[in-house]
Amino acid sequence: MVERWRPDKGKVEDLTKEFLAESQEGLERMELCLTELEKRPDDAELVAEVYRAVHTIKGTTGFLGFGRLERLSHAGESLLGALRDGKLAVTARQVDGLLQLMDGLRSILLLIESRGTEGQRSTDDDRALIELLAELKLEVGETSASPPPATQNQDAYQPVSSPDACVPVPLTALSMQDKTLRINVEVLNRLMNLVGDLVLTRNQILRCTPDAQNFPALARRLDSVTAELRESVMRARMQPVGHLFRKFPRMVRDLAKTCGRQIRIEFEGQETGLDKSLLEAVRDPLTHAVRNAADHGIEPPEERVKAGKPVEGLVRLRALHQSGSVIIEVIDDGAGISTSRVLAKAMELDLVTPEQAASMSQREALQLIFVAGFSTAIQVTNISGRGMGMDVVRSNVEKVGGSVEVESRVGVGTTVRMRVPLTLAIIPALVVESGGECFALPQNALVELVYVPRRDVEQAVERMGTTKFYRLREGLLPLVWLDRLLGIEQNQSAEQQDLYIAVVESEGRRFGLVVDGLKAPEEIVVKPLSAELREIGVFSGAAVLGDGTLALILDVAATGARAGMRPAEEAGNIAGVQLAPPDTPRIELESSMVIYETGKHGPVKDRNLEQRAMPLSAVERIESVPLSAIEYAGGRPVLQYRGELIPLEDEGEVLSERIPHVGTATDHVANHDGETATVLICLRPEAQRTRRVGLVVRSVLDVSAGTLLAANATVCDEQLALVKERVTTLHRGFAQQADGPLNAVLREVA
Amino acid sequence: MKEALHSRTDAGEPLTLCSLRVGDGLYGIDTRLIREVLGTVTPRHVPLAPMYIAGVVPYHGEVLTTVCFRALLGLQLRVGANCVVVFDDERNEQRFGLIVDGVGGVIAVQSTALEANSSGLDPRSMELFDGSYKLPSGLLVRLDPRKLRPSHLAGCGLFATLRQERQGVQECGR
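Quick note, the sequences are listed as chains H and E, same order.
In case it helps, the numbering used here puts the first sequence at residues 27 to 776.
In case it helps, the numbering used here puts the second sequence at residues 2 to 175.
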């Protein structure tokens, strides 16, 4: 008897893990193809893709000794082979059967992963499914896979009799795939090179003394390598949100079938990158939100027809980057949420008093659906709106430092918007001081900084009731003293101090956070706080600063809420505190410009200083760069900035004035050690992508709005504005963008 | 697992306690329940936290919440550096530090010699103390770290209303 060759146990375990990850990926593709196949039953490529997925599973199972999986995949492969060869036409029944096959394969894979075996219980029997697949193979394809028209399938619209009818697809079951990440070898090579650089730099630093001549250069090199390494690791961890989205067509299809709806799902921004761990963290909340949209948001076809809407409802998933965060929206064109019914339910549950309910805005009322237990009660009483799980959605998103909000209009639809940070690990922050303690303010919430000298405080700060305001350009900015809010004792009264106002904005709340002082901006590594400290609500974590001390990271939205700040659209309704005209809700931000000074060629340099401006929204950061860090390529200045080589624009010839002679690279470093140049790191939208450029300026003067001057070619062929009574040239590079930010500014200012 | 060990020692095995000094009192905690003792550390104050939370300290790349034992006992707070005794739970999910004035030597006791809390104790002390041993120098009060966890303190409701002057007198570390 010939004994079958078996590889050693360790190798089999490794192969099994690899097989599980690959198979689950294959099943994901299969799921996507099958839901597409229902719409396009004649697409041979889709059939071929499904065939390949099942064939690959079957091919490996025999080798690994998974007989049950082999038998089931063989039955599926036979049916798919017939479909691929054109012997059978794709029908709805066959797609259903293949989806069952996929579920069967997935459940066996999960058993293998959790127990190491395929399962031998009676419930693990696949005979019925294998028989079904064999039966389907004998069928002659007559009917189309497309769902029959609504009028021919009235039974499907009957109310779901069993609460279990809308059983969610177990999307969270793909654990092996969740634990693994495919990385391009190129990326790994790049990381390895950077680690090599890091080791080299470390060795050089270890060998030299702090007063060595090359120590500053080595420190800069270390800084640059670390930044590059960090950037590369973060990029390696980034995964397109589309990975998450592709699970939903099947779920929506099944829900639509069981709940008697017709639903189309659309995606936007699938390529948006998000940290792998965050992608996993938003999987469940997103599933809840999509399920709710399909289950409760979209109306039954007859109701949609009555409302004059298309029979087919739409659920759209949209992802985009926005100021250091990723926004994921679940938008439906369903019935919307009735705030009056939400409030009635909230009063019934004693969550709010009738007086509170009467004073609540629509936005506040809608947020009640996130209260635990609230939504379930709504569902039981059949009030139209979101079903169970919205509290889970919020708590899960908040766990990863995100936030969630809902917008809804009755009869029009609902949008659930989740905002999650790009990464959990490292964020840029401004360290501020208040009451002798340091706090980190995330840069993505920071709009601008305002300094008011002590002598001007009395005039600059205005009082309305118990709230103090600072007049910032177009409107009044409510002020919140951080030390008072946090109950930190102060030795000096606020009136005796200079005012440092950090203008912050988060979740529609914009206010000025008054602190005692500003420290350096830092990239901080976020560390979570214990549950008891998270409960305080105003701190999203802690970070060890460069000097080794700990700083608490402020949750700007929660800080605003604690201080009683209301979102802008509601604050606008408060008499006398209108931050912006109601018809131009974003005018204040859009019209802000960074004003800077630069110099041009002329007989006397200092008399040729020119005030210039560019949109604040285009400026990512303002950096003080050592002149020795500025290098030249092809005669043009460049800067290695956070792992990226960015071109520098020396429009006012600031660099050529300070570096009149460019000698060897060593001379350059030696001659300009210690001197710095101010560089605006700007984002310039180009045809395909946004390009980062550095603008070298003499100094940054202010952030302000201005009045656009009519074009006058006899004076100047550039666009001019009057800012604080000084003629200001608008930066040509940004003014030329047809839909760029500056044009928005120009329109608003004009 | 550690808690299982703790209950086994109650059956009468010899026990080693790490002695802790807070104010005039001497306290002891089973050495096996201690993860680490940090030297003098100044916790970073967390505004709006309950009074018994001394603050947070950096700890092996994490941020460790610390409980001030003085605050729990109603004593005046010390300004400046303190000793931090670090505890883990079974699943390392509720790691925390206990701030004490000083950490002394290890004392061996017979677990059977443990005297139960007197009924005359106030409710807070009753909650915090886990009995006492009579030593030649006086009483050594046994502490159970599980009862000192921030989550337990928040849940028992006895310490939520604790009010004290933050500006305590400076005492010399002993």
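Some hints here could point you the wrong way.
Claimed, not checked - From the derived model, a few chain H residues whose C-beta atoms are all more than 10 Å from chain E:
1) Leu164
2) Ala557
3) Glu558
4) Ile562
5) Val570
Stated by the list, open to error - A few chain E residues that face chain H, going by a derived Cβ cut-off under 10 Å, partial list only:
6) Leu34
7) Pro59
8) Ala114
No wet-lab data here; the hints were simulated from the structure.
Predicted model, so just to flag it, every value in this text is computed and none were measured.
Each residue gets a CB set at the ideal place from its N, CA and C atoms; glycine is no exception.
Structure-based check of each hint:
Here Leu164 (chain H) stays apart from chain E, with its beta-carbon at least about 55 Å from theirs, past the 10 Å limit. The claim that Ala557 (chain H) lies off the interface is violated: its Cβ sits roughly 7 Å from the closest Cβ of chain E, which falls inside the 10 Å cut-off. At the 10 Å boundary, the C-beta of Glu558 (chain H) falls inside the reach of chain E, the nearest C-beta of that chain being 4 Å off. Its beta-carbon lying about 5 Å from the closest one in chain E, Ile562 (chain H) breaks the requirement of being farther than 10 Å from that chain.
A cut-off of 10 Å between C-beta atoms contradicts the statement that Val570 (chain H) is not in contact with chain E; the least separation is 5 Å. Taking 10 Å as the C-beta contact cut-off toward chain H, the hint placing Leu34 (chain E) at the interface is violated, the least distance being around 19 Å. The restraint placing Pro59 (chain E) at the interface with chain H holds, with a minimum CB-CB distance near 5 Å, inside the 10 Å limit. Violation of the interface hint for Ala114 (chain E) is found here, the shortest Cβ-Cβ separation to chain H being roughly 35 Å, above the 10 Å cut-off.
Violation of the numbered hints given earlier is confined to hints 2, 3, 4, 5, 6, 8; the remaining hints are satisfied by the structure.
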